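Using the sequences provided together with the hints, build the complete structure.
So you can see what is in the structure, the chains are spelled out below.
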Amino acid sequence: MIYPSLFLTKMSDFLNYNQQMLLTLIITGIACSILGCFLVLNKLSMLTDALSHSILLGIVLAYFVTKDLNSPLLLIGASIFGVFTVYAIGLLSKTRLVKSDDAVGIIFPLFFSLAVILISTFARNVHLDTDIVLMGQVIMIPLNTMTVFGVELPKALFYMLIILLINLIFVSVFLKELKVSSFDPEFATLAGFSSGFLFYALMTLTSFTAVAAFDAVGAILVIALFVGPAASAYMLTKSLKKMLLVSTVFSTVNSISGFYLAIAFNVSISGMIAVITGLTTFMTVLLNRQGIITAIYLRHKNRKEFRLDLLIMHLGNHEDQQDAELELGFTTIKDHLYWDQETVERRLNRLIDQGFVQRNHERKIYCLTEKGRLRYDMIKVDYGM
Amino acid sequence: MSSIVFEKIISLNFANLLNAIGLDFEILSSYTFVVVCLGTMILATVAGMVGTITVLKGQSLIGDAIGHSSYPGIIIAFMICMSLDSVSLMIGAIISGTVAFIIIQFIDKNSKLNLDAVLAVILSAFFGLGMVLKSFIQGHPVYGKVPQGGLSNYIFGQAAFIRTIDVHLILIVAIPSLLILFLFYKEFKIFIFDEVYAKSIGLSSTLMYVLLVLITMSVIATGLKLVGAILISSFLIVPGITALQWSNRFSHVLIIAAIVGSVSAFIGTYISSVYAGMSTGPCIIVVMSGLAFISMFISPKGLLANWLRRRKYLNDLSKSIFD
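Just so you know, the sequences run in chain order G and V. This note's numbering puts the first residue of the first sequence at 5, with every later residue one more than the last. This note's numbering puts the first residue of the second sequence at 900, with every later residue one more than the last.
For the record, the hints were derived by calculation from the structure and aren't laboratory data. Treat the numbers as computed from the prediction; the structure is a model and nothing was measured. Just so it is clear, CB atoms sit at the ideal spot from N, CA and C, and this is done for glycine as well. One should not assume that every hint holds.
[Stated by the list, open to error] Straight-line distance between alpha carbons at most 27 angstroms, and here's what the computed DSSO-like set of lysine-lysine pairs gives:
no., chain 1, residue 1, chain 2, residue 2
1, G, 98, V, 1085
2, G, 103, G, 183
3, G, 242, V, 1200
4, G, 338, G, 242
5, G, 47, V, 1011
6, G, 338, G, 305
7, V, 1218, G, 103
[To be verified] Which residues of chain G face chain V? A partial, calculated answer using Cβ under 10 angstroms:
no., residue
8, 48
9, 110
10, 117
11, 227
12, 232
13, 275
14, 279
15, 285
16, 286
17, 335
18, 336
19, 366
20, 369
21, 371
22, 372
23, 373
Here is the structure:
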């Protein structure tokens, strides 16, 4: 049993390296997905792509000023640059010389290129690898520690906890405003609050989150964390609060499963989480209420039910008629429904099992039971006859 | 004998001329520069022309998503062929890019998600798959034995390392792509500007999409080695955006895009050869974007012209009021 000292508690005393990594990933995922919901709702998803790439230039520029890769100022500088990127894209599309998609597509490769050039010419011996920026170094999370209030914990975890807290406060304080400006920006303007302010507040937080997250998980996973869970939740829910909740669940599940799969196969952790995020989103596309597989299943089920209804109708219509033996006879019924004997028997057996139909052995016909009669009347009402 | 002397004089004069305008003849005549420059110029020309169509169709970010998505294909092709052969890696890139494109279209059609979100998810998932596979083969007992240093070049591009065979490959892709563009020029024009009309005269829009995706995909796949998966999309869209500032006629736009592409490829390659350590792809993109921004300012539809026009209008107005 380890007794943590009063003044210096090490996180590694009660969580091993893997658990620390996983905890950081989960916190990062939740911090991202909360904001991601609003990005998806406002159709700003590709801005995360632009942000996560152009942040590199912000980091390089901030490095030239601070000369220290570990300074918190570096993160702040990079975040401000991220907001500037969004502002530049907005400015460019406001000139109406280019479409907004084109503005995104022209600005971020430019910034990324500038960053690559600056790194390769001026910052060669600095530990600032473009590969790491893209792919992240989840493995390094527990090794980079800092001490806060006597607790030694991974730096990335501490930063992400603060970011998560800020994001949570922002979303809960401005929930109503964010909701209105996401769904009805014109009304938001009429109601007297500036959706421009909210937009830039949202983008500032997105930028801060992306900068804090990219160091640990890499630019590519940042995109997945922002957009994937939010997109899945968007397809499944109809209210904003539920969407926020579901997206955090998705994000946590993705992080945990991706993490353990990556550990099991000894492959890139952030890559694996991005893949899993893509997979869960794709599965949600297929399986949600309007999804294609759900549609096929429902169509199949409806067709089946319709056939049984049809059969009951046929029985009900002809039972009391003169030609009942001809229409409903054990061997003749198939001629009137244009089904083969086997199919007829299978479907009738199902109705017999459900108690709607019985065999009348005297007349050698199928006829409805009491329950079947009720069902027959109900069907007639349902189909408007 | 005399002809050799004569040639030498001419080349010297030519060299002096170039030096006078600030270009280094040594570099311009070096074999590496000629190969790299040819490669990037041809690529940028074709990419500019093909990309113009994507820009006009309003799908400029799809190129970005496909560029990122071709990365896992390269790794898978490496795993199957166990070599860094350019052709097989290119085929791998084309296949995975196409798969990504099909999935993007499928999700876009079958869900209420915005295209933006679909692109972002697919882009990160595919690139993530590339990262997973890359880390898988790195320590692998079988794949680990084959040298795989060249694989990371496909992320950021390494134009300085391309060889004559890569230029041949670019030509092999470029010529048919341009041929398709010219042969179906009218069809593309109708398809871009009035898809409904195109359908009504019996032009299959599926066929046009397939053609467009085919040439875009092959241009992206050949460009990966030079510019990399991350930045290839700007080769496609920036020349088109620039050209659209100068003209509204489709044929003119195509020609201007080609010129912008090749000129920026030349300047970018030159800059990267003069200053050691500068990567070629990013240099070209900076030049390209510079041209785009200059065009937005000084073109006939640009900011400057608009400002002058407004000022003139206000002047005329005030004159007509006060006179």
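If any of the earlier hints don't hold here, list their numbers in rising order. 1, 3, 4, 7, 17, 18, 19, 20, 21, 22 and 23
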